[in-house]
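Colleague: What follows is the residue order along each chain.
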Amino acid sequence: GENVEQHPSTLSVQEGDSAVIKCTYSDSASNYFPWYKQELGKGPQLIIDIRSNVGEKKDQRIAVTLNKTAKHFSLHITETQPEDSAVYFCAADGSSNTGKLIFGQGTTLQVKP
Amino acid sequence: SAVISQKPSRDICQRGTSLTIQCQVDSQVTMMFWYRQQPGQSLTLIATANQGSEATYESGFVIDKFPISRPNLTFSTLTVSNMSPEDSSIYLCSVYRDRDSKAFFGQGTRLTVV
Numbered sequence: 001g002e003n004v005e006q007h008p009s010t011l012s013v014q015e016g017d018s019a020v021i022k023c024t025y026s027d028s029a030s031n032y033f034p035w036y037k038q039e040l041g042k043g044p045q046l047i048i049d050i051r052s053n054v055g056e057k058k059d060q061r062i063a064v065t066l067n068k069t070a071k072h073f074s075l076h077i078t079e080t081q082p083e084d085s086a087v088y089f090c091a092a093d094g095s096s097n098t099g100k101l102i103f104g105q106g107t108t109l110q111v112k113p
Numbered sequence: 001s002a003v004i005s006q007k008p009s010r011d012i013c014q015r016g017t018s019l020t021i022q023c024q025v026d027s028q029v030t031m032m033f034w035y036r037q038q039p040g041q042s043l044t045l046i047a048t049a050n051q052g053s054e055a056t057y058e059s060g061f062v063i064d065k066f067p068i069s070r071p072n073l074t075f076s077t078l079t080v081s082n083m084s085p086e087d088s089s090i091y092l093c094s095v096y097r098d099r100d101s102k103a104f105f106g107q108g109t110r111l112t113v114v
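Chains as they are written, first to last, in the working numbering: chain A, 1 to 113; chain B, 1 to 114.
Next comes chain A alone, as it looks inside the complex (with noise of 0.2 Å):
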């Protein structure tokens, strides 16, 4: 089955700077690869997904690339502010295409003003 591994656990920026945190997966066939923001005592909220026939995904200060031949995806912000400090974490849908996703371990951003 699907299997995905996401590093950092912990990334610690300064306000203004950029941050990226990256994914691999492990079954070729997935087709969705979503990434969500989670903060303290919230549910996991959408901010970008890509699928596999697309390298690459902006909006505003958010972007996403995939690399379909290494299999793996990069989240990155730009002009990170104090309010994107939270737990980010990647997803595939294991070539389910219904949704039914496979997480990685999360990254905890910390962006310092």
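The hints are simulated quantities; they were obtained by calculation from the structure and are not laboratory data.
No experiment lies behind these values; they were computed from the predicted model shown.
You can trust all of the hints, since none of them are fake.
Within a straight-line C-alpha distance of at most 30 Å, the following computed DSSO-like cross-link-like pairs (lysine-lysine) qualify:
(1) A:Lys-22 - A:Lys-71
(2) A:Lys-37 - B:Lys-7
(3) B:Lys-7 - B:Lys-102
(4) A:Lys-22 - A:Lys-58
(5) A:Lys-42 - B:Lys-102
(6) A:Lys-71 - B:Lys-102
(7) A:Lys-58 - A:Lys-71
(8) A:Lys-42 - B:Lys-7
(9) B:Lys-65 - A:Lys-42
(10) A:Lys-112 - A:Lys-37
(11) B:Lys-102 - A:Lys-58
(12) A:Lys-22 - B:Lys-102
(13) B:Lys-102 - A:Lys-68
(14) A:Lys-58 - A:Lys-42
(15) A:Lys-37 - B:Lys-102
(16) B:Lys-102 - A:Lys-57
(17) A:Lys-57 - A:Lys-71
If we take Cβ atoms under 10 Å as the criterion, some of the chain A residues that face chain B in the derived model are:
(18) Gly-1
(19) Val-4
(20) Gln-6
(21) Pro-34
(22) Gln-38
(23) Gly-41
(24) Gly-43
(25) Pro-44
(26) Gln-45
(27) Arg-51
(28) Thr-98
(29) Lys-100
(30) Ile-102
(31) Gly-104
Where is the CB? At the ideal position from N, CA and C, for every residue including glycine.
Assemble the complex: chain A is given as a structure, and chain B must be docked to it using the hints.
Modeller: Below, chain B alone, put in the same frame as chain A:
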């Protein structure tokens, strides 16, 4: 994003009892899922809630412990049965929205078993 309402948002329960968690979606969806998030950990899929048939459970999860109902395309329940302190977790409902094939989560139910 999809509007997903989970109830209760949190509860403290005695060991040996059961708790039923409700998940209501603002539009019909084909796929609904239940996840568990243990303290400080990532999300683990418990089961797929199938409308009109028995849920499909992932390895390590059984129907007797986590019975699930899905009476229609907007509602599902998860019951955590015969609870022990090890069941203390956040339980999350997720839907895969058909019109744009995106996966959304509810706010979660924070369960503490004492």
